[in-house]
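Peer 1: Based on the provided sequences and hints, a complete structural model is requested.
Protein chains in written order, with the working numbering: chain A, 3 to 105; chain B, 14 to 449; chain C, 164 to 628.
Treat the hints as calculated values from the structure; they're not laboratory data. Any given hint could turn out to be false.
Covered by chain A, per the in silico footprint, the following chain C stretches (three or more residues, Cβ under 8 Å) [claimed, not checked]:
#, segment
1, 460-466
2, 471-482
3, 516-526
4, 559-566
Straight line, CA to CA, 25 Å or less: simulated BS3-like cross-link-like pairs of lysine-lysine [to be verified]:
#, chain 1, residue 1, chain 2, residue 2
5, B, 90, C, 522
6, A, 30, C, 488
7, C, 242, B, 39
8, A, 7, C, 522
9, B, 87, C, 522
10, C, 602, B, 90
11, B, 31, B, 47
12, B, 140, C, 488
13, C, 488, B, 94
From chain B, some residues computed to sit far from chain A (all C-beta separations above 12 Å) [unchecked claim]:
#, residue
14, 15
15, 50
16, 318
17, 337
Bear in mind that the values here come from a model prediction, so they are computed numbers and not experimental data. C-beta atoms are modelled at their ideal positions from N, C-alpha and C, and glycine is treated no differently.
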Amino acid sequence: MAKTKQIITTNDVQHVAQLANLPLDPAKIPLYQKQLEDSLEYVRIVQTLDLDNVEETVQISGLTNVWREDVVDPSRTFTQEQALANAPSSLNGFFMVNGIMKE
Amino acid sequence: MNYALICGAEIHVELATKSKMFCGCKNDPFHAEKPNIYTCPVCLGLPGALPVPNKKAIEDCILIGLALGCTIAKVSKFDRKHYFYPDLPKGYQISQYDQPFCVGGQVETSFGPVQITRVHLEEDTAKLHHETLSVGAESARAVSLIDFNRSSVPLVEIVTEPDIHSAEQAKEFLKKVRDIIRGLGVSDCDMEKGTMRLEANISLAPVGEDPGVPPSLPPYKVEVKNINSFRFFAHALEYEKVRQGEILDKGETPLQQTLGWREAEGKTVVQRTKEGSADYRYFPDPDIPPIVISRQWVADIAKRLPELQSTKIDSLISMGIVESAAKIIVNNQVMMDYLEHVKILNPKYIQSAAKDMVNKKIDYKKLTPTDYIKNIESKNSEKITDPAVLTPLITKILQSNPQETPLNFLIGQLMKATSGKADPQVASKLITDLIN
Amino acid sequence: MIEKSIIELHELIKSGLLKPETLIDEVYENIAKYNDKYNAYITIRDKKDVLADLAMASDKKTSLLYGIPYSMKDAYLTKDVRTTAASAILEDFIPPYSATVYKKLQSAGALLIGKANLDAWGHGASTENNDFGPTKNPWDDSRVAGGSSGGSAAAIASSMCKFSIGEDTGGSIRNPSAWTNTTGLKVTYGRVSRYGAIAYASSFDTIGPMGGSAQDLAIILETIAGVDPYDATSSPEPVPNYLQGQTLKVGNLTIGMPKEMYSHGLDPEIKSSIEEATVEFKKIGVKVVDVSLPIAEIALAAYYLIAPSESSSNLARYDGMRYGKGRELFTTENIRRIMIGTYALSSGYYDAYYRKAQKVRTLLIQKYEDAFKKCDVLLMPVNPGMPPKFGQLVNDPIQNMLADIYTTSINQVGVPSLALPAGFSKSGLPIGMQLVGQKFAESTILNLGHKYQSVTHWHTRKPKL
Numbered sequence: 003m004a005k006t007k008q009i010i011t012t013n014d015v016q017h018v019a020q021l022a023n024l025p026l027d028p029a030k031i032p033l034y035q036k037q038l039e040d041s042l043e044y045v046r047i048v049q050t051l052d053l054d055n056v057e058e059t060v061q062i063s064g065l066t067n068v069w070r071e072d073v074v075d076p077s078r079t080f081t082q083e084q085a086l087a088n089a090p091s092s093l094n095g096f097f098m099v100n101g102i103m104k105e
Numbered sequence: 014m015n016y017a018l019i020c021g022a023e024i025h026v027e028l029a030t031k032s033k034m035f036c037g038c039k040n041d042p043f044h045a046e047k048p049n050i051y052t053c054p055v056c057l058g059l060p061g062a063l064p065v066p067n068k069k070a071i072e073d074c075i076l077i078g079l080a081l082g083c084t085i086a087k088v089s090k091f092d093r094k095h096y097f098y099p100d101l102p103k104g105y106q107i108s109q110y111d112q113p114f115c116v117g118g119q120v121e122t123s124f125g126p127v128q129i130t131r132v133h134l135e136e137d138t139a140k141l142h143h144e145t146l147s148v149g150a151e152s153a154r155a156v157s158l159i160d161f162n163r164s165s166v167p168l169v170e171i172v173t174e175p176d177i178h179s180a181e182q183a184k185e186f187l188k189k190v191r192d193i194i195r196g197l198g199v200s201d202c203d204m205e206k207g208t209m210r211l212e213a214n215i216s217l218a219p220v221g222e223d224p225g226v227p228p229s230l231p232p233y234k235v236e237v238k239n240i241n242s243f244r245f246f247a248h249a250l251e252y253e254k255v256r257q258g259e260i261l262d263k264g265e266t267p268l269q270q271t272l273g274w275r276e277a278e279g280k281t282v283v284q285r286t287k288e289g290s291a292d293y294r295y296f297p298d299p300d301i302p303p304i305v306i307s308r309q310w311v312a313d314i315a316k317r318l319p320e321l322q323s324t325k326i327d328s329l330i331s332m333g334i335v336e337s338a339a340k341i342i343v344n345n346q347v348m349m350d351y352l353e354h355v356k357i358l359n360p361k362y363i364q365s366a367a368k369d370m371v372n373k374k375i376d377y378k379k380l381t382p383t384d385y386i387k388n389i390e391s392k393n394s395e396k397i398t399d400p401a402v403l404t405p406l407i408t409k410i411l412q413s414n415p416q417e418t419p420l421n422f423l424i425g426q427l428m429k430a431t432s433g434k435a436d437p438q439v440a441s442k443l444i445t446d447l448i449n
Numbered sequence: 164m165i166e167k168s169i170i171e172l173h174e175l176i177k178s179g180l181l182k183p184e185t186l187i188d189e190v191y192e193n194i195a196k197y198n199d200k201y202n203a204y205i206t207i208r209d210k211k212d213v214l215a216d217l218a219m220a221s222d223k224k225t226s227l228l229y230g231i232p233y234s235m236k237d238a239y240l241t242k243d244v245r246t247t248a249a250s251a252i253l254e255d256f257i258p259p260y261s262a263t264v265y266k267k268l269q270s271a272g273a274l275l276i277g278k279a280n281l282d283a284w285g286h287g288a289s290t291e292n293n294d295f296g297p298t299k300n301p302w303d304d305s306r307v308a309g310g311s312s313g314g315s316a317a318a319i320a321s322s323m324c325k326f327s328i329g330e331d332t333g334g335s336i337r338n339p340s341a342w343t344n345t346t347g348l349k350v351t352y353g354r355v356s357r358y359g360a361i362a363y364a365s366s367f368d369t370i371g372p373m374g375g376s377a378q379d380l381a382i383i384l385e386t387i388a389g390v391d392p393y394d395a396t397s398s399p400e401p402v403p404n405y406l407q408g409q410t411l412k413v414g415n416l417t418i419g420m421p422k423e424m425y426s427h428g429l430d431p432e433i434k435s436s437i438e439e440a441t442v443e444f445k446k447i448g449v450k451v452v453d454v455s456l457p458i459a460e461i462a463l464a465a466y467y468l469i470a471p472s473e474s475s476s477n478l479a480r481y482d483g484m485r486y487g488k489g490r491e492l493f494t495t496e497n498i499r500r501i502m503i504g505t506y507a508l509s510s511g512y513y514d515a516y517y518r519k520a521q522k523v524r525t526l527l528i529q530k531y532e533d534a535f536k537k538c539d540v541l542l543m544p545v546n547p548g549m550p551p552k553f554g555q556l557v558n559d560p561i562q563n564m565l566a567d568i569y570t571t572s573i574n575q576v577g578v579p580s581l582a583l584p585a586g587f588s589k590s591g592l593p594i595g596m597q598l599v600g601q602k603f604a605e606s607t608i609l610n611l612g613h614k615y616q617s618v619t620h621w622h623t624r625k626p627k628l
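Peer 2: Here you go:
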């Protein structure tokens, strides 16, 4: 159990930002560092509880086996125009983005 | 130094369901006439969209697991696997992490068994391709173009233990898995269409002095992608065996990395992984309630398992079909269906139908079983069996022939006199009676 | 006219004494008068579009909601009507499809006036954390209206619509309802389809009605509740006649008051207002007992692990490639929550944070079950204090989180809760309370709320605008 405060380093902030695909304003990194530390300190009480014999609640709906039959549902299918309607950039019916390095 | 090849395979199979994995869009990316015509809020990852799993895809995945000898989970769920890439609209793929539908199977090969670690279900990504657009006379702009017709098509992932130890074994294993899955009718497993995709995990272990002691698992493994055929898989294995062997000979350990196979150059090259640092942050998808799999449901799915080849051949032989013909028919589903139909209409024609199909005496693709039987019966019905008609002819023949004339010759004469229409069995009996 | 109940309006429209166009005009006049000041709406539809909807709904005249003007928190996709989640990322987004809840209200002949302001992506309790300006509290324009469904609450309180559809993940309907003297319902998880609702925390998000009274909410809930094949977590539990349920007797019910929630940390004026409310409940025959629910701190901590984790995942799709703008446009508070969520899910921390929080959830469920052994309904405060002045909450993430102390456990456990007006502070600010029921007991809490509103008048008071 974590007895000491979780220290968040600049590297931690950058690593998390990269995982989360968040472009970070470098000037704000100290702010995020502090905020992350404070937030983690706040929720730390969760770590102090002894919950070894407790099951996680992963589904609150209480449901199981909810699915759909293998049927084509044209009522929701978009036309190509609709699919691309909000795209910032498209070409010949494709969504277009700046070049990703080839695998 | 002698090294043992330690290889595991990861096979992705696109299921041929009618609709996608989590929505009702048409599942037909390969034949789509245009890009982005089979999309909806769910598979495009629009705000507010929610996934609802395709029941048939779940059953097909369980069926594949059963066919590969797996144990089916009692409870299963879907998890979110997070990474960022333009072909992944939600920024996460709905996949399975720690409670897959199937675990622990095995596929026999002539080189020994290959164990199956797990078989799970997930959604496919969109299709990405790269182009260079010319921007004015001097410069060009590299762009990536995305088509979401394939996004969220159901994908079954099969992971094996590192039990593949040679290129030959790999080819045999992959062919066998492909044939098994095709035989289930759940996917066409076409490497060219991309409905079957391969990845290899390859490492080498030094072979010890004692041949009875298997080599211990190496402390690294190299992932090889971009393998577009079984042959390329074998080539990649052979290449890596040499490349990694040379590094190990120097006393170094090959880097744990992801490589891509380049068939044209005959080598592997380092590949940028799209997942980056590969911390997928798996957690159970809260939008999809868990799946409870009853014994009864598994038993019902298992009914779709095809009989083993040998059982099928035996059953044809027991119907009076010769073994050589049975072996041909068993590999031809159209012929199998034809015989099944004949059996339902009139089982006494099974043997002749089998013979006529195999000897190409009939075009079974054009002639229906019903018409086939009709033709035979009308030919038979054209046969003269009426003694009133035949007796005068037989009498004449008997009169024209000496007493010792063999029966067959006399039957032949009668056939000539009736232009082949006399029924041979009836003729034989009548002639015999008249002689006596 | 807009102050009348939905049933009264329906009767007037049915009898021809009131034309829906009149009601629409009144709403647009109020919008012209008040929206610039209170900033309740992000998008206001053209009146002609609303009138066109009215014309199309001519076969829906028997519906109680026919012709009734409403707003929706701008977190619901409304086809062809801009939907932004109050974020610059979606400021130009025109949805190509509609949320199930919107379709149901269209089928009932209700008229969408516009999309209401919120804390962007649901991240906040004050409707300040967004790119469209804060929403002001119609009771005191130097104070927040609450959040994250602050725009919805303010629009109702200032008569810019009759009702609104809000969204409650950790208190986002109940908090602004309590701070604006309106009535708001957080439903049982799965009672209303989430299809088309921009997701904040998938295992907490609920869609619910906000309006002037528990009776109005009963009518709306009947329309929007029900299973949806497009939402795998929506419940097949049958939808009862909530309006009829409000005619049942309540003398056999027991209200439990969790004593831990009435101790330190709660504004004394709120405490005394709720105590006065118990007197009213007793008068109508309801028993009131003390119960124990020792969960507030751990509930809040678990909530602030699970919600940001699920949110960080749900916001991963906003990459500006298929729609919307880039991720650099998230606000500081958005980024904080995405980062803490990503951290809590990341390798090496998942077990200690996210997974542990899901275990706390199990504990909370048990504690609520224990409390419900002693009573049918829990009576709890909604907010710990009065609506703060601008800047107080949004610049202090911890204070922002603490504002949710009485509301978040209810989302984690999935039970329903009705927030309703319970009085005013000496300075004239609204005080709210919440009636918490067991799963799918919306009938019970709507009935109790309606009975309370039949013998009290807090909910009929309107602010001086």
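Peer 1: Which hint numbers doesn't this structure obey?
Peer 2: 15
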